[in-house]
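Engineer: Generate coordinates for the entire structure from the input sequences, incorporating the hints supplied.
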Amino acid sequence: MNKPLKITLISLGSLVGVLVAAFVVVFNVVFSQERLTSIVRQFAGDYVTCQTEVGSVDLSLFGNFPKVSLRLNDVSIVNPMDNAPSDTVLSVKALFAELDVMDYLREEKVTVTGFTLRNAQANLYISADSVANFDIFAIESDTTAVADTTSTDILDQLSLHNITVEGLSGTFLDMTSQMDARLLNAHLTLNTDASLQELTGGADIDLKADEIYYSDSLNFGQILDLELRDARLMYDGKNASVKVPRLRIADQEYLLSGDIALSAHVWNMNLDGIDLAWQDERPTLTGVTSMDSAQVTMGDENLMYVTTDAVMIDLPVTSTAERWTTDGKTTIKNLMFAMDPDGTMVDHLDLDTRFKASTNAQFNDFTVTDMSTTLGSQTVQGNVHVDMTDTTVLKADVDVLVKATSLNELLAMIPAAYADALKGMTVNAKLDDSRITAVCEVRGDQFKLQKTSIKTGVHSLDYADDAALAADLDNVTLAISYPAGSRGRQFEIRSNIEGLTVKQHDDSTNLNAAIPDLKLTALIMDDIIDGKDPRLNAKFSGSAITVDMDDTISVKITGANGEADIDLKSVKNCIKIATKASLESLSAHVGNTLDGSTGALALDLKALYDEKQAEILDQLSPEVVFTLADGKFDVDGIPYPVLLPSVDASFDKNQARLNRCQLNLGNSDLGLDGVITNISSWMKEQAMLEGQLNLKSQRVDADQLMDLASGFGVEEEAAEEGSATASSAAASASAEPTVEQKSDTVANDPFMVPKDVNFVVNTNVKAVTTNGNTFDNVGGQLTCRDGVLVLEEMGFTSKAARMQLTALYRSPRRNNLFASWNFHLLDIDIAEMIRLVPDIDTIVPMLSAFQGKAEFHLAGETSLFSDYSPKMSSLKAVASIEGKDLTVLDSETFQTIKKYLFKDCTTNKIDTMSVELAVARRKMTLYPMLIGWDKYEAIIAGTHTITGAMPFNYNISITKCPLVGGHLGLDITGNIDDIDNISFKVGGCKYANLYRPEKRNVTQEQTLELKDLISTSLKRTVK
Amino acid sequence: MKKLLRMMACLIMATTMFSLTSCAGDDEEIMQEDDIKVAAEQIVGTWQLNGTREFWRFDADGKGSKVSPSHGENWDKDEDINEGEGNRFEWYLQSNGLMVTYFMESTGAYSDPEPDAPFIINSITDKAMTWTTNNGKGTTQKFTRVGQNR
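First to last, the sequence lines map onto chains A and B.
Last residue of the first sequence: 1027 in the working numbering, with the numbers rising by one and none dropped.
Last residue of the second sequence: 274 in the working numbering, with the numbers rising by one and none dropped.
Treat the hints with care, since some could be wrong.
Distance condition first, Cα-Cα at most 30 Å in a straight line; then the derived DSBU-like pairs of lysine-lysine [claimed, not checked]:
no. : chain 1 : residue 1 : chain 2 : residue 2
1   : B       : Lys187    : A       : Lys1003
2   : A       : Lys337    : A       : Lys434
3   : B       : Lys261    : A       : Lys964
4   : A       : Lys927    : B       : Lys251
5   : B       : Lys261    : A       : Lys1003
6   : A       : Lys857    : B       : Lys187
7   : A       : Lys927    : B       : Lys261
8   : A       : Lys759    : B       : Lys201
9   : A       : Lys333    : A       : Lys407
10  : B       : Lys261    : A       : Lys989
11  : A       : Lys1023   : B       : Lys190
12  : A       : Lys523    : A       : Lys573
13  : A       : Lys399    : A       : Lys536
14  : B       : Lys201    : A       : Lys1003
15  : A       : Lys927    : B       : Lys201
16  : A       : Lys903    : B       : Lys261
17  : A       : Lys573    : A       : Lys610
18  : A       : Lys903    : B       : Lys190
19  : A       : Lys576    : A       : Lys452
20  : B       : Lys266    : A       : Lys888
21  : A       : Lys888    : A       : Lys927
22  : A       : Lys459    : A       : Lys573
23  : A       : Lys459    : A       : Lys399
24  : A       : Lys455    : A       : Lys407
25  : B       : Lys190    : A       : Lys1003
Where chain B lies over chain A, by a calculated footprint (3+ residues, C-beta under 8 Å) [to be verified]:
no. : region
26  : 807 to 819
27  : 822 to 834
28  : 875 to 883
29  : 922 to 931
30  : 1008 to 1018
None of these hints come from the bench; they were simulated from the model.
All C-beta atoms in this analysis are idealised placements derived from N, C-alpha and C, irrespective of residue type, glycine included.
Structural biologist: Written as structure tokens, this is what we have:
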């Protein structure tokens, strides 16, 4: 180096040295600690309104040149307030500010480029009066202008590129919102090139804190041991990105706000590789959040509770200008979910879900596709689309498939708490894939379902339990679709059942039931969605249903079809029902009681159920049409099969109509049709039950029907054996059983004629057989009215005679019944008449001595005991027999009479005979009967008692006798029971003057009047 | 001879017949007019046949004469027949006694004569009555009054 250069460098160096020395001298003089401290204190005093302490202030010029570090030591701001946890608002051990000298030299501006805080404690407090203890900066009179200017000035003075916080702890208490927060030992390193004024730029962040705590009246959060490393944030005013290579939260516990207070407890949560970018107004997210080897518990044991062993969430987001999409997956290990303390709904199952989701940039059009969620062994797949692009309506489209599984696998998912309900049951079944689709929209508060479809099924089901109940089902399918029906406003539900059998075999029950196939279809109006009363139509059909029980009852139905309409809407507060059902055949067997079968059976039922009505018929308002064909029943106690070849009947609450009812019983066939009215009024006791029926028959076997009818209502004598024994002793002492015996020995239940009915049955029977006789064209009218049963003008013909019968039956009292009859036999053969009416022989025993044609009239009545035996004291009868050209039968009796009165040659022929007789008070009176006989004329009269030994006393008065030319009498006495010991005594002619008016006495006159009275009163009743 | 014997037999027989022919049928009991009136009044009421539970009631709704008969009822409690359920009858008194004719619903008329009538009333007081039946044996029956005169 030459000397001039050397001298120049030495001179420059000296100058620089002098300058530096001078600068150092000046700097140390101007920026000494004491000086700076004093300046800062003064500055603080001007701008901070409360007590501020600054320990010391150091300025470091050269440590980070051209940046200058200003260090404040032991800074504390004290602002005492009532109820504040601490008077000290802020205490800082050391506060560093990095200043840019070049900005000052160029623009005379102090710019803070870095900030470091060490060992700081902040205690922020807002009182209930909304006074904050950190509101400590001085404000000029023009507050707004000063504040705006101040904030602008502060930001202008900040150009932070790095912030370091070491050991920051603080509390924040806001009494106005009951908010409490704290930070414990936080360490933050933030390097940024962001512009605070423009809020753009990037930052690298490392954060660590021992505790972050927050709570208010609803929420609570606490994060312990938080560590965030190498996070990178970037925002350029338009685009942003967040990279979180690692976020670890060792332990956190926080409450989630909402209607239900829940708590969540998470251990060892790691965010690994989260990379979020916001670019061109679109996000991109990659990374996985996992809580491996951690346990998550959320919720409240009393409300809702969730625990897991590990959660992994992978939700990468990509985006285009139109849509944001994610292809996410979540895995939860050992999930347990409970809604209440009593049990869990999901118990220790693994959940795995994958899906693709996307939304438009406006977040009003969402789709989820290829969703597959597996919980335990169950998998659900599907797609969902929600469209809210039209702000007035929300549209949703759902398509979900529940994969086929076995019932065992489903049952295995049942939590242990509920598994007890299945104790003792064994169930196996295979569930088919189940598909659910739905399209709906919501406008305001109006929900509208546009379409839906559900299909599912079960097959190979076996069920058994410890109650010995077992069931097998080959296959059942269920399909629901909407819209359906003729107007597209109905849900259609279809179900097919195949191969259903149910069995129960234990000590008390032996049941087998089988339904080979059953189809069900239902249509439900979509009103039900709006919660309106439903309207339902259902159809069913099945080839057969069989039920066998206890080896005594069996029922088999074939060809069952039916339809039902149930409508809860059309009529307010009522249920409208219309059903139709038909069977091809029905067979039923009930032990030894019933064995029956039918052919086609159909039922048509309409009803309007109104529970407010009092009477059952008014409650139901039924309308029923019933038809039956080929019914055959063997009933215990009925010796003949009961055949119902056809039944066609209908009824409603007011009337019942028999359109056709054919009953065949033994040798009898009965066809009934007619109508019964006033049913409802009768049941309310407001009117009489009226009926108009017609009975038609080709043949009636009266003996068979009487045999069937007798004994109805009569209980066994064995039940009354005790009283019978006591009564029998009394019976032995009297000829007739006492009234007590009659009413007590056998507990009878006679037919009591109802008093509030008015029935007319018109009969038309082609032939009635009874007692070996046949009566043709039996027709008449049976009336039941007001407690009286009347058989009116029943006419019939037989080979023997024309007949007419009117009978009456009344039941005023159970043990005092009443019967009367009016019977006419016209052109009757006497022998035939006795054969038809055997009792005539009892009443008129001598009638059997005659043969030939006669006319017979009989009227009688009697009160009856409850066993229908007559009360003899009340038995009354009058009879009239007129005969012409009769012949006296040649008998031993007649031979005796001949011996006394006539010649051998006297013939048996009688020209005329007129008989009147009367029965009353146990006696029969034969009024003087004039017999014209050849040249003879005789009058026969007498009485006989019709009870006991039946003693009789007759007199034959010969009023015309060529032999003796005078009058002769013969008295015949004896007992009917001892006919071999009849006494014949020649006696007086009692009735010599009966037909001589000039010689008749009062009694004889009276006798003839009575004869005429009897005859006239009887003949007057002949129709 | 044979012919003579037959004629004698006939003569004897004829004589016998004539002697046997009687007016027995013409003989009848007669009640006097005064007795009839008294009986018609006194019989009104309810009577019990002694030794039985058979009751007779005679009403005074007519005059008790053939022209204007009265009515009544009899019933037998031994057969569980009560008053109102028994045999309704029409009665009147005339010279041959008390005539009773029962009403029959089946003919709609009083058309069934009492077999033992006409009854000859032997005595009748406020408490007791006896009559004789017309049953050929002349049986006497005694009654005790049990009800008020109607």
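Engineer: Hint by hint, work out which the structure violates, then give me just those numbers in ascending order.
Structural biologist: 6, 14, 18 and 20
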